[in-house]
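So the chains spell out like this:
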Amino acid sequence: MGAEKPTYEELEARLAAAERMLNAIHNEEVDALIGQKGIYLLRLKELENALSESMERVKEGEYTLNTLMEYLPEGITIADAPDVRVRWVSTYAKQLLGKSSKELEHITVDQHVKRWNIYEPDGKTAAKDEDLPLTRAVLKGEIIKDEEWVLLKADGTRIPITCNAAPIRDGLGKIAGGIIAWRDISERKQIEEELRETNRELNEYAYALTHNLKAPLRAINNYTNFLYEDLSETLEGEPKTCLDNLRDAIILSNKQFEDLETLYKVKNHLANLVSFEMSELLDEIQSSFKNTSGRKLIIAKDWPVLRSERFLMRQILIELISNGFKFNREGIKRVEVGWQTAPDNRIELFVRDNGIGIDSQYQERIFQIFRRLHTDIEYEGTGIGLTVCQRAVKKIGGKLRVESSFGEGSTFYVSLPKTIMERLT
Amino acid sequence: MNISSEAKPKGKGLIFRLFVAGDEPHSKAAKENIRKFCESHIDEVYKIEIVDVLESYKTALENDIFLTPALIKVSPAPALTIFGNLSDTQALIKALELGGNE
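Protein chains in written order, with the numbering used here: chain L, 1 to 425; chain D, 1001 to 1102.
No wet-lab data here; the hints were simulated from the structure.
Computed from a prediction, not measured in an experiment: that's the story for all the values here.
The reader is advised that the hints may include incorrect statements.
Said to hold, decoys possible - SDA-like, lysine to any residue: derived pairs with alpha carbons at most 25 Å apart:
| hint | chain 1 | residue 1 | chain 2 | residue 2 |
| --- | --- | --- | --- | --- |
| 1 | L | Lys267 | L | Lys124 |
| 2 | D | Lys1031 | L | Arg43 |
| 3 | L | Lys290 | L | Gly331 |
| 4 | D | Lys1094 | L | Gly331 |
| 5 | L | Lys45 | D | Asp1052 |
| 6 | L | Lys5 | D | Asp1064 |
| 7 | D | Lys1031 | L | Arg20 |
| 8 | L | Lys174 | L | Ala208 |
| 9 | D | Lys1028 | L | Arg20 |
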């Protein structure tokens, strides 16, 4: 267009065109709008349909949520950000607590503890606002798994509960609210307590058994020995066999009792961490193994100072060394004791023998209580030893394993965290 | 896309330029309607240019077209623009006033 002023006709034409444009819009006869940045397709019918479809789905979602909240037998609470305002509480929750919607819903973060009567697991200390799982989920985006709390019912009864909570995020990842699901675990707690009680009783029984039968057993032992000494020369035939068998049986049951006692002691050993020199402990152990010809106990030279349970370490080493000599048919029975560093920040103590070895298919079985690979005729023993050992190793925070093959000797490794070493001598 | 009557290329004749948005309903109708209209109401030589704004967006802006469908009578002068699906034949006749000024 030039610099001249438009004529009247031109203006009229332009006005008419503009009117026509508006009419077309008015009559909805247009399908696209062309803007500076792009084209907008005016699919109004489609938009309308999409919108009503969305509305339908939202309604469906609401119905589903309603039904869930009504019938799910779980305590569920949904709250909105940013003030953790409670929006939904499941019917189950309200019934369980004997409280109404009015008391439990539409409350904000600072009212939760009071209205819901939430306590720490001890059942006595009131919870702190900021510690509550739903609050942490909404305000910090934390995901809480199986956390225990206690609720007080309207009638004053305490309900221990386990809680799982998570934040609810919108399409952009922003926290829109949070949801917590909690469950009454009073029954579970009761069962746990009963189990603890039963355990206690069993322990006491085991103690009583070993303790009280010790003396009578000793008496039986002694008198059998006297009989044996007096009569074994003169008796013959069946009575002699009887007496021999009696004596053997006594020896076996004595050993069994000793082992049971040790098992009990190890199981109930209270944590008693001390710093001790391994070389000292090993000297003690070495002197307890009589130096007979045909038995060689070789102990490495340099040992660290450990901070652990000395009693248990002693039991472990004695057991492993004894086994090394016991399951051994060589002319010269060799047992070596040493230690080395291991990957993953660990150290390993090892006890190596030149004994009969253990075939790989049996290597797991030997750790099972009372399981033996050989009968008593071949090697005496009651089969408690390695179980005690493993338990003791576990107690000092280690792992016990064996490397062996049939006929080729065995090496038992006690793997421990490096932190057990206080210093290298 | 062009629709022409079979006639001599002599003289300028009637030239229409129709702006459409792909196969949107009104655009589609407008294409049909202008063709039918020309067949039944125009004796002289005519030419219909179809411009798809979805492909020739710039052409639309150059012609100051903001809505589709939009029909421009390119020649003869005066130029004029009509919007909508062109289903109202009477309005079309009136607007085009084939024969020049009033």
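Quick rundown of the hints versus the structure:
1. Taken as a hint, the lysine 267(L) and lysine 124(L) pair is broken in the structure, with Cα atoms around 33 Å apart against an allowance of 25 Å.
2. As the CA atoms of lysine 1031(D) and arginine 43(L) are separated by approximately 18 Å, the hinted pair is consistent with the 25 Å bound.
3. At most 25 Å may separate the alpha-carbon atoms for a hinted pair to count; lysine 290(L) and glycine 331(L) meet this at roughly 17 Å.
4. Distance restraint check for lysine 1094(D) and glycine 331(L): the Cα-Cα separation of roughly 127 Å exceeds the 25 Å cut-off, and the hinted pair is therefore not satisfied.
5. For the given pair, lysine 45(L) sits about 22 Å from aspartate 1052(D) by alpha-carbon distance, which is consistent with the 25 Å threshold.
6. At most 25 Å may separate the alpha-carbon atoms for a hinted pair to count; lysine 5(L) and aspartate 1064(D) meet this at roughly 19 Å.
7. Our distance criterion of 25 Å between C-alpha atoms is met by lysine 1031(D) and arginine 20(L), whose separation comes to about 18 Å.
8. For the proposed pair lysine 174(L) and alanine 208(L), the alpha carbon gap of about 63 Å is over 25 Å, so the pair is violated.
9. Simply put, lysine 1028(D) and arginine 20(L) have alpha-carbon atoms about 19 Å apart, close enough for the 25 Å limit, and the pair holds.
Violated hints, in rising order: 1, 4, 8; the structure is consistent with all others.
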